[in-house]
Each structure stands twice: as C-alpha cells, then as structure tokens.
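2 protein chains.
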Amino acid sequence: MAPPSAIDVTGETDTSGITIPDPLSAPVKSNEIFGRRRKADKSQWGVAAHADTINFRQRSYDHKPKAKQWDHIISKEALSRTGSSIKQAAKYLAQPGLISLGGGIPSSEYFPFEELSFKAPVVGKFSEQETKETGVTITAGKHDLAKDKSIFDIATAFNYGQGSGATQLLRWITEHVELIHNPPYQDWRCTMSVGSSSGMDMAFRMLTRPGDVVLSDEYMFAATIQTAAPMGIRFAGVPMDNEGLLPSAMDHILTTWDVNARGARKPHLLYTVPTGQNPTGATQSLARRKELYSVCQKHDIFILEDEPYYFLQMPPYTGADTAVPPPPASHTEFLQSLVPSLLSLDMDGRVMRLDSFSKVLAPGARIGFVTASQQLIDIYHKHADVSTQNPSGLSQLIFFKLLDEHWGHGGYLDWLIYLRGQYTLRRNVILKACDRYLPRDVVSWKPPMAGMFQWLQIDFRKHPDYPEKGVEEIEERVFERAIQCGALVMRGSWFYACAEEEHGTLFFRATFAAAPFERIEEGIRRFGKAVREEFGLGRREENGYLKY
Amino acid sequence: MAPPSAIDVTGETDTSGITIPDPLSAPVKSNEIFGRRRKADKSQWGVAAHADTINFRQRSYDHKPKAKQWDHIISKEALSRTGSSIKQAAKYLAQPGLISLGGGIPSSEYFPFEELSFKAPVVGKFSEQETKETGVTITAGKHDLAKDKSIFDIATAFNYGQGSGATQLLRWITEHVELIHNPPYQDWRCTMSVGSSSGMDMAFRMLTRPGDVVLSDEYMFAATIQTAAPMGIRFAGVPMDNEGLLPSAMDHILTTWDVNARGARKPHLLYTVPTGQNPTGATQSLARRKELYSVCQKHDIFILEDEPYYFLQMPPYTGADTAVPPPPASHTEFLQSLVPSLLSLDMDGRVMRLDSFSKVLAPGARIGFVTASQQLIDIYHKHADVSTQNPSGLSQLIFFKLLDEHWGHGGYLDWLIYLRGQYTLRRNVILKACDRYLPRDVVSWKPPMAGMFQWLQIDFRKHPDYPEKGVEEIEERVFERAIQCGALVMRGSWFYACAEEEHGTLFFRATFAAAPFERIEEGIRRFGKAVREEFGLGRREENGYLKY
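Protein chains in written order, with the working numbering: chain V, 1 to 548; chain L, 1 to 548.
Just so you know, not all the hints are guaranteed correct.
Some, not all, of what chain V presents toward chain L, calculated at C-beta under 8 Å [to be verified]: (1) V123; (2) G124; (3) Y160; (4) W415.
Straight-line C-alpha distance at most 25 Å; calculated PhoX-like pairs for lysine-lysine [to be verified]: (5) L:K147 to V:K149; (6) L:K149 to L:K119; (7) L:K39 to L:K147; (8) L:K39 to V:K132; (9) L:K66 to L:K290; (10) V:K149 to V:K39; (11) L:K290 to V:K132; (12) L:K119 to V:K132; (13) L:K266 to V:K149; (14) V:K76 to L:K266.
So the derived list for chain V, only partly shown, Cβ under 10 Å to chain L, looks like this [unchecked claim]: (15) S85; (16) Y309; (17) W445; (18) Q457.
Just so you know, the hints here were simulated from the structure itself, not pulled from any lab data. Built from N, CA and C at the ideal position, the CB exists for glycine as well.
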C-alpha cells in the first residue's frame with residue numbers, strides 16, 4: 001500500500017460534530033505536532049519525574065468550559081487517597097545540586113542491560129514480509145539521555161516511574177488524544193494504564209460502591225462483569241439494536257427506576273463500548289452517540305467509554321464479490337471516516353475514555369491510556385502509584401521509540417489505515433463464508449462496521465426439540481456440536497450483562513481477528529455443519545460448494 | 001570478580017533449619033535443574049496457555065503436609081471471584097485440529113515488531129564497563145517457537161497472556177523458589193505479579209475487610225500504608241529492635257487485644273519485611289524468625305512476607321578501614337549465607353511471600369512473583385485475569401532470555417553475588433561517611449546487614465528548643481535544614497505504621513543505593529552539617545576533615 005504523505009492533515013481535525021468556536025487554535029497537523037512542541041524542561045525526562053500533561057497540548061482551551069466535579073459519585077476509597085508520600089518527596093529534587101539519599105531507587109549501573117534494539121516496519125511497508133525485508137532496527141542505549149542522544153533510555157525506562165507512566169510517552173499520547181478527539185472542555189488529562197482491564201478495575205473502585213447497579217449494553221464484554229461483580233456491582237443491560245445501545249430504552253430504565261424493586265440506588269454510571277462492540281460488533285452512529293450523551297446529561301450519568309476497537313472501523317460491506325474500497329487518500333480523510341468518540345462530544349467532562357494499544361500494536365505490552373477530567377486522572381494516578389505503578393518501562397521505551405522517534409503521529413495514522421484495510425479483508429472473508437456456509441433458515445447476521453467480531457443469531461424456535469428444550473440448552477448443544485465439528489465459537493449467554501434476566505435470543509460470537517483467512521472460512525463451514533446437524537437441516541453439495 | 005563455577009551446588013540447599021526428612025528428593029544443583037526438567041507439553045508455550053507450576057518442581061512433596069485452608073480470612077470479594085470465563089474457554093483449544101473463532105486475540109502478523117535484541121553481561125563480567133566491552137547480544141525472533149528455535153518468542157510474548165504470567169518464565173521462577181526456599185509443605189504455587197506494590201494491593205483485597213487492623217513493623221514502608229489505608233485498613237506497629245519486629249511484643253499485643261478499645265477485630269494478618277527492612281534496615285535473624293513464626297501459629301496469624309531486599313544480604317561491617325571480605329566461594333556458600341526466609345519455615349502454608357526483581361534486575365520491568373498455597377495463588381490468578389493481567393510480555397521475554405536461556409540459575413546466583421559485593425561496598429561507604437561526618441553526640445546508628453537503607457537516630461532531647469518544640473517539629477527543622485544544605489533524606493515519621501500513636505523516637509532514612517560513591521559521602525557530610533547547625537554544635541576542621 002502506498003502511504004498517504006506523512007504530513008497532509010490540511011484541515012481542523014475536530015470531527016466531533018459539535019460546533020465550539022476555537023479561534024485561538026490553529027489546525028493541528030499530524031507529524032507537524034513535533035514542530036509545535038513547547039520547549040520542555042529536561043528534568044521531566046528523569047527517573048520517575050513528574051509530568052503535567054497540560055504542557056503537551058497544542059491548542060488553547062481557555063474558552064472551553066471546565067469539567068463538572070464528581071465528588072458525589074467518587075467512592076470513599078478514592079476520596080481518601082493521599083498518593084505516595086515517598087514519590088511526592090520527589091518535588092525537592094528540583095533544587096539544583098541537591099544530593100538525594102531519599103528514594104530507594106537502584107542505580108542504573110546495576111541493570112544488566114546495555115542496549116535494546118528491535119526491528120520495525122518503515123512507514124508504508126507494514127506487512128510482516130515487508131518488515132522482514134525492509135524493516136529498520138531501532139536502538140535505545142543505556143545513557144542516551146545523559147549523552148543528549150535521546151530523551152529516553154534504558155537508565156530511565158528500566159527504573160521506577162510515576163503511576164501515570166513516563167513523561168516521554170505520555171506527551172505523545174496526549175498529543176494523539178488531542179489530534180483524534182479534541183475534547184471540548186478545558187481540564188482534560190491523560191494517564192497511562194497497565195491495560196484497559198486494570199483501568200476498568202480502578203475506575204469501578206473509584207466510581208462505585210458495593211450494591212451499585214451500572215448500566216451497560218445488554219450483551220457486554222464478560223471480563224468487565226468479572227472485574228466488577230466481586231466488588232458487589234451488578235449490571236443492568238440496556239436493549240440494543242444494530243447500532244448498539246438504545247438511548248430511549250436507557251431513558252426509560254432510568255425514568256422508571258424503582259429503588260426497592262431493583263434493590264439499588266438509581267444508576268450513575270454507564271459502561272459502553274461504542275465502536276465494534278464486544279460481543280455484538282455493533283457500532284453506535286454519531287446520531288446515536290449524541291442521543292446517548294444527552295440522556296446521560298438528563299440523568300447525570302457518568303460514562304465509561306471502553307474503546308479497544310476504535311481504529312478498527314471499516315467501510316460498509318458491499319457483498320462477497322465486490323472489491324474492497326481503496327484506503328483513505330489522506331490522514332484527513334481517514335480521521336473524518338471515524339465516528340466521533342463520546343469523549344469528543346463531552347462538554348461536561350462526564351466521560352472517562354479507556355484506550356488500548358492491545359488491538360493496534362501488541363496486547364503483551366500492557367500499555368493503555370485513560371482520558372478524563374483532571375479530578376479523576378489525579379485520583380487514578382494516586383491509586384496507580386500504590387498499586388500497579390506505571391506500565392512496564394521496557395514496553396514504554398519500545399513504544400516511545402516506535403511512535404515518537406520512528407513513525408511519528410503521521411506514520412502511526414498510516415499504520416492504522418493499513419490495519420483497517422487488513423481487518424476489512426478479514427471481515428469480508430468471514431461474511432463471504434457466512435453467506436456460503438450458514439443455513440439462512442436458522443442463522444442471521446449483520447455485517448459489522450468495526451472491531452473483530454461477527455455476531456450470529458440463531459432462531460432457536462426452529463430447533464426440533466423446542467420448546468421442550470429451552471434457549472440455554474439449545475445454545476449448549478450447538479456449542480458442543482460445533483466443538484465436535486472442530487470449531488470454537490463463543491456462547492452469547494457468556495456475555496449477558498445480567499444473567500438473571502430472561503433473554504429471548506440466542507447468539508454466538510465468532511472472531512475474524514485471529515485465524516488465517518482460509519481457517520476462518522473453514523471454521524465457519526464447520527459451524528454451519530454443526531448448526532445444520534443440530535437443527536436437522538439437509539444440505540446439498542454442488543461443485544464442492546454447499547448449497548441450501 | 002572471578003565467578004564461582006556455574007554448577008557447583010554440591011549439597012542440599014534446604015537451609016531452612018527445619019529438619020523434615022526429604023529422602024525422595026535428590027540434592028538440587030543450580031544449573032543442573034535444566035537437565036532434570038520434565039518433558040513439557042508444547043501446548044503450554046502457546047499464546048495465553050495455562051500453566052500448572054506443579055510440573056516444574058524438582059523434588060517430591062508427597063511426604064510433606066498440606067497447607068491450611070484460609071476461608072475464614074478470605075474476603076467476600078475474593079471468595080466470589082470466578083475468574084475470566086473467556087480465558088477458561090481456552091481449555092477447548094487442546095482438541096487437535098480445532099479452529100478457534102473464539103478469543104478476540106489479534107494475529108501476531110499485526111504486531112509491528114520483527115526482532116528484539118538486548119546486550120547483557122556474560123557470567124562473571126557483570127560491571128557496566130565489562131558489559132559494554134564483553135557483553136553479548138541476545139535476540140528473540142518473531143516466530144522462534146514455530147521454528148523450534150526457542151520456546152518463547154515475539155508472537156507469543158507480545159500477545160495476551162494468563163494472569164499468572166507466561167509459562168516459560170513461570171517455570172524458571174518456580175525452580176528458583178524451590179532452589180532458594182524449598183517450602184516445607186506440599187501445595188505451594190507461584191504466580192507472577194506486576195510488581196510487589198500491586199501484589200500487596202491484591203493481597204489486602206484478598207485477606208482483609210474494611211475496619212481491619214493489620215500488624216506490622218513499627219516503622220514500615222509508607223507506600224504499603226497508602227495502598228491499604230483507602231481500603232479502610234489500619235496498622236498496629238509492633239515494637240522493633242536492631243533485629244526488627246519483637247515477637248514477644250507482638251504476642252503481648254495479641255494476647256491483650258481489646259476489641260472495643262481497638263475498634264477492630266483481633267488481627268489475623270502480619271505485614272513484615274524480614275530482611276533489610278524499609279526504613280530501618282533491620283534484618284531478622286533465624287532465631288527471631290522462628291520465634292515470630294511460632295507466635296503467628298499461636299494466634300493463627302497469616303503472614304505477608306515482603307522481601308525486595310532478600311538477596312542484598314551482606315557480611316558484617318568490620319569498620320571503616322578493614323577490607324571487604326571475599327565473596328562466597330561457591331553457590332552453596334552463598335545460599336548458606338542467606339538468612340532463611342519465613343517461607344522456608346512455613347509448615348502451615350501461612351505465608352504469602354512477595355518477591356521482586358526491582359532491586360536485583362530492573363524496577364521498570366514491573367515483574368515480581370508471589371509464592372503461597374494453591375488456594376491463595378488461584379484467587380490471585382483469577383483477580384489478575386480481570387485486572388492487571390500478566391506482567392508485560394516484553395519484560396517477560398527479555399527476562400526469560402536473560403535468566404533461562406543466557407545465565408541459567410547458576411549465572412543468576414553469580415549475578416546476585418556480584419550485587420551483594422556492590423551493595424556491601426556502598427554500605428561501607430555510607431558507614432565510613434557517618435563515622436566521619438555525623439556528630440555522635442546527637443546521631444547514632446547501627447550497620448545494616450541487608451538492603452539499601454541506613455537508619456539514623458537523632459537524640460531530639462539534645463535540641464536547644466526541646467521540650468518547647470516537640471519531636472515532629474524538630475524532625476521537620478532538621479529535614480528542612482538538610483535540604484538547605486543540599487541533602488535529601490527521608491523523615492522517619494513518614495514511615496510510622498500508626499501515625500496516631502505516640503513515638504518517642506526521631507529517625508531519618510538515608511539510602512546508599514542510588515548515588516555515586518562520592519556523592520553518598522558528600523550527602524552525609526551535608527546532613528551532618530545540617531544536624532550540627534540545627535543542634536548548635538561546634539565543629540573543627542582539620543586537613544579538610546571535620547572532627548568533633
């Protein structure tokens with residue numbers, strides 16, 4: 001794929017759809033950000049140095065409103081956080097010439113690592129094969145900072161850090177958030193997380209108390225339930241359609257909330273995955289998001305926006321035999337093709353957005369980032385300082401070298417455009433296989449617009465044993481039959497937001513992210529065989545293809 | 001330093017001092033462990049594969065007792081953990097030929113990393129300068145596992161993992177724990193943590209409920225208080241002497257515990273740092289540890305053994321002008337020189353030991369490990385799966401390459417012997433500086449036997465403003481005066497286990513871990529100047545040296 005020119009964002013990247021005059025800020029261009037960076041005090045590149053990300057923002061925010069304060073929903077645990085007194089003593093280190101016998105920080109001479117290198121693709125030659133052939137080796141030295149060769153090195157990255165992560169990478173992340181989301185309030189801040197699962201764990205401990213009910217998509221990422229349930233949190237699933245959560249249904253739930261019947265105070269928190277939702281694959285349209293935000297304003301709901309799949313948005317599916325549309329011709333076109341985030345609509349500072357590098361760079365790095373109002377990011381930072389600490393410095397150093405020093409913002413957008421193309425191909429493979437191998441009498445599906453998942457609905461009423469056997473039993477039988485046929489798909493009931501409620505639907509989740517293309521096709525063929533066998537449907541084979 | 005031969009552990013390494021006949025197990029020798037490894041099923045090296053560390057132990061444990069069950073102290077939150085249903089679906093992947101459209105795990109072809117290399121010292125040439133000159137470059141490829149070049153690679157390590165960490169490194173850790181601690185009960189297990197701060201956070205959530213009082217050393221690591229306090233936990237400090245916590249004092253506290261007066265149920269948990277305690281530098285002797293364990297048995301106390309400094313044990317200090325004793329002549333001698341851990345005395349399975357690589361390899365890697373009974377490790381794993389997940393796979397891959405494939409167990413012990421020598425030199429530098437620059441009229445100290453900290457007691461009664469000014473005010477004045485003189489040391493009051501109690505003592509903590517040797521000396525000189533100024537003591541300068 002020929003890459004768009006690395007610097008070609010020619011317009012204002014605010015695609016939020018909300019018109020807030022921003023006359024003070026010039027258009028922000030992707031790699032040009034580097035040229036606009038303010039001069040940074042060198043002390044903030046040091047070991048466990050404190051960062052204030054406000055200095056890394058390119059625009060002026062003075063004319064924008066301030067975030068609401070959230071004291072009324074912040075937990076006792078979170079309100080009582082004082083942070084780490086030892087890390088706070090770091091403030092004295094600013095005194096010139098001071099000798100610190102303070103922090104128990106080991107000397108970097110005892111890190112048995114002298115050099116760290118990795119091979120990464122150059123912009124535009126992103127495939128595994130191209131990387132092997134034309135990739136470049138990027139090296140971090142041990143004392144590059146002291147030698148003025150780089151602002152980040154082994155001596156710094158391999159030592160202790162702040163709970164928000166190293167300033168070096170946090171700057172890039174703040175710039176990225178501003179470029180993509182341009183939040184419409186003043187006091188937004190970023191911190192790194194050690195991944196969004198941990199971010200969610202910390203967010204629930206910050207914003208709930210035992211017994212609370214949290215609103216969510218009716219089918220939701222099971223691990224989030226398993227994160228929250230031991231804290232005494234239950235979820236109330238909001239009905240969904242092909243565009244995800246229905247704001248009117250949420251409004252109804254909230255308006256008619258009966259504390260006694262529900263056994264919980266009225267919800268103050270919504271957990272949602274707006275883009276390529278897991279497990280349904282649904283993507284909320286801009287209109288849907290605006291409507292959702294407005295219901296949240298009406299009932300003063302705080303939003304946890306969990307967005308691992310945000311950059312895996314795809315062009316519409318136009319059928320098995322039509323060509324994949326060309327990639328966006330420019331960064332601007334790419335950014336304009338993305339449905340605006342809830343964060344980008346968030347005039348009140350009522351969104352905590354969790355971003356992840358897991359689906360777009362590497363899950364094993366355990367680096368994510370969180371954007372919210374300063375009040376909440378400060379609490380997050382204080383909690384991280386005494387629990388998870390910062391993400392691995394080894395991961396951070398490698399990501400910094402790749403994202404800041406090698407690709408830049410423009411090159412990263414090109415990488416995302418490449419990934420989008422790859423996931424589009426994968427989605428089209430699974431849809432073509434569904435068209436070919438699944439019995440339409442029983443299975444129905446919609447093409448996802450983002451993410452990794454194909455959501456497959458089964459008409460359980462057509463099962464020969466229905467209604468003697470119920471939905472869950474039929475689900476289990478199809479699941480087991482699919483395993484026998486050699487295909488693993490996930491059971492929809494594993495994703496119920498609220499397992500106690502009645503669900504008159506039966507779904508399976510199939511991912512197109514992991515397997516090689518031909519294995520995706522074969523997996524769907526096997527699943528189709530299992531469904532047909534389980535539902536007693538005949539099949540006809542013709543020229544090697546299955547017909548119905 | 002010439003290294004001891006890499007394979008020379010000739011005897012049984014059980015230095016626990018407890019005689020449990022172990023006729024079934026042959027002596028375990030450091031690097032020979034590799035030759036004794038059982039053949040491992042290749043599937044456990046795969047992406048997010050499940051490990052059962054029992055297979056990685058060299059000895060037989062059949063004749064040892066089983067750990068006690070801890071249901072009566074495990075929190076409601078922890079008891080309700082079900083783990084991640086999605087990760088549990090991984091069990092189906094064992095079926096040959098199965099195509100998984102299950103887990104939303106990205107394909108490694110979309111990790112933009114082709115190769116990862118680092119330069120590390122060869123065994124015996126460990127200094128930074130030697131590493132630069134003779135270090136070797138170690139490389140991990142992307143698909144080494146598929147090519148049978150290694151059992152760990154980028155494709156695996158950079159993907160999702162189990163909460164316990166990757167099997168590859170977990171095997172090495174389990175072997176290491178057996179080699180060093182040889183726990184005297186059957187069902188001990190290991191898991192990785194994302195560092196001991198996180199381990200402590202998870203342990204408190206597992207083993208306490210709001211309102212609990214936890215026993216601890218009278219002065220303790222401040223961050224642990226800051227981890228626990230927001231959960232509603234307070235600490236009851238147990239008086240200490242130069243060998244740390246006094247078991248008789250703990251027995252007295254427990255025996256006379258008054259629920260009403262204390263406002264809390266009788267403690268069931270002890271948090272302690274037995275070796276090179278932070279901040280006091282105290283190291284519990286073997287006799288002290290046995291006595292402590294026995295008081296814990298008497299009152300059924302569970303022990304959190306936090307041991308970041310365990311391998312920084314040093315020979316006794318013999319004065320400023322005597323030579324440093326030679327390093328241990330063999331691995332056996334080194335292992336025998338270590339005070340046995342509480343884990344190695346733990347017949348009941350009442351110890352959760354937290355180990356850290358932060359002080360011996362690199363804090364930035366954010367890898368620690370936890371050893372406890374299977375019951376508790378299973379809960380830990382389930383919690384990690386839905387919060388922190390595994391430590392960074394990038395960190396794990398680098399540590400695996402270094403510890404398993406490059407150094408082996410023997411080489412790692414050699415590294416630890418090298419570090420011990422370095423910290424001994426550093427400790428001697430600070431002690432010599434204390435001898436030279438601190439006014440003995442007012443400051444007193446004991447040489448630490450382990451760790452990173454010199455604990456300095458100030459006789460506040462000699463302060464000219466005492467008793468008009470109290471202990472804390474005098475502490476603050478000395479602290480501020482030291483900053484003015486250009487030295488940062490930590491205030492003892494920052495480490496009170498219980499700040500509300502009266503403390504008739506005044507301490508400062510100085511670390512010898514971080515600064516270059518000559519800066520340590522200068523830092524202590526400045527601190528001495530501050531104390532003298534603050535206490536109105538004269539000084540006499542002679543040949544550039546300060547005399548009293």
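| request: Any hints from earlier that this structure breaks? Give me their numbers in increasing order, please. | output: 1, 2, 5, 8, 11, 13, 17, 18
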